[in-house]
Amino acid sequence: MKTDALMIKELEHDLDRLGKVVELLNYSLQQCKKIGLKRDYSLDELDRFESLTSRFARTSDLYTQKVMKGIIIILREEAKTFIDRANLFEKLEISKAEDIKLIRDLRNEISHEYRMDNITEIFEAVIEYSDKLTVIIEKTMTYANSIVQHHNQPWLSGFKPLLCLRKMALLLCFSNVTTLQFRPLLVRVGNSCTRGL
Numbered sequence: 121m122k123t124d125a126l127m128i129k130e131l132e133h134d135l136d137r138l139g140k141v142v143e144l145l146n147y148s149l150q151q152c153k154k155i156g157l158k159r160d161y162s163l164d165e166l167d168r169f170e171s172l173t174s175r176f177a178r179t180s181d182l183y184t185q186k187v188m189k190g191i192i193i194i195l196r197e198e199a200k201t202f203i204d205r206a207n208l209f210e211k212l213e214i215s216k217a218e219d220i221k222l223i224r225d226l227r228n229e230i231s232h233e234y235r236m237d238n239i240t241e242i243f244e245a246v247i248e249y250s251d252k253l254t255v256i257i258e259k260t261m262t263y264a265n266s267i268v269q270h271h272n273q274p275w276l277s278g279f280k281p282l283l284c285l286r287k288m289a290l291l292l293c294f295s296n297v298t299t300l301q302f303r304p305l306l307v308r309v310g311n312s313c314t315r316g317l
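Numbering (the numbering used here), first residue to last: 121 to 317.
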């Protein structure tokens with residue numbers, strides 16, 4: 121069984137990788153937006169769009185298969201299926217579940233060798249959902265960084281159970297965030313309480 125520290129380290133590694141692939145995705149996205157959507161493309165233009173679709177697929181894979189799973193494991197949530205994970209991320213106010221599902225559907229369509237007769241539709245969808253994926257990833261990174269930050273807070277360890285409960289109550293009373301957004305800290309504090317029993 122992995123320790124909290126190891127899970128956090130793996131999440132940090134995956135977030136770092138994700139940041140790098142998003143940078144490449146955004147570069148390709150800006151290049152393709154300059155080209156625009158049309159019926160016929162030059163070989164150079166097709167090459168740029170192919171690069172965008174490939175980077176979109178790689179980014180969505182890393183996001184859904186590594187980062188989403190990593191966050192859910194750290195939160196100790198029951199989300200066995202992809203739909204469960206998408207629904208949980210909607211509850212965490214990171215993304216609409218439907219957007220995450222559509223991103224994965226588009227990624228699957230790309231991997232199954234799309235036909236040249238619907239290439240404009242694919243390119244249009246990739247441009248639209250690359251923007252959405254980037255926004256989702258930004259929100260996810262903010263949320264994930266809060267998990268890492270709260271994990272690394274030294275004052276969270278060694279609480280006595282009663283003090284622990286008081287601290288959680290005070291933090292909730294003076295916080296402007298929802299319980300789900302606050303969960304990374306609560307999980308960490310709760311674990312500290314359990315160790316103190």
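By construction, these hints were calculated from the structure, which means they are not laboratory data. Glycine included, C-beta positions come from ideal geometry on N, C-alpha and C. Among the hints, a few may not be true.
Within a straight-line C-alpha distance of at most 25 Å, the following computed PhoX-like cross-link-like pairs (lysine-lysine) qualify [said to hold, decoys possible]:
hint, residue 1, residue 2
1, Lys216, Lys252
2, Lys186, Lys211
3, Lys200, Lys153
With beta-carbon atoms standing in for the labels, derived distance ranges [to be verified]:
hint, residue 1, residue 2, range
4, Lys129, Lys158, 38 to 48 Å
5, Val268, Arg159, 39 to 49 Å
6, Asn265, Asp164, 19 to 29 Å
7, Ser171, Ile193, 26 to 36 Å
We went through each hint and held it up to the structure:
1. Restraint check: the Cα-Cα separation between Lys216 and Lys252 comes to about 10 Å, which is no more than 25 Å; the hinted pair holds.
2. For the hint linking Lys186 to Lys211, the alpha-carbon distance of about 19 Å falls within 25 Å, and the restraint holds.
3. Distance hint between Lys200 and Lys153 is unfulfilled; the C-alpha atoms sit about 37 Å from each other, more than 25 Å.
4. Between Lys129 and Lys158 the beta carbons are some 46 Å apart, a value that agrees with the proposed interval 38 to 48 Å.
5. Between Val268 and Arg159 the beta carbons are some 47 Å apart, a value that agrees with the proposed interval 39 to 49 Å.
6. Restraint check, Asn265 to Asp164: a C-beta distance of roughly 38 Å breaks the suggested window 19 to 29 Å.
7. Distance hint check: the CB atoms of Ser171 and Ile193 are about 32 Å apart, consistent with the given range 26 to 36 Å.
Violated hints, listed in ascending order, are 3 and 6; each of the other numbered hints is respected by the structure.
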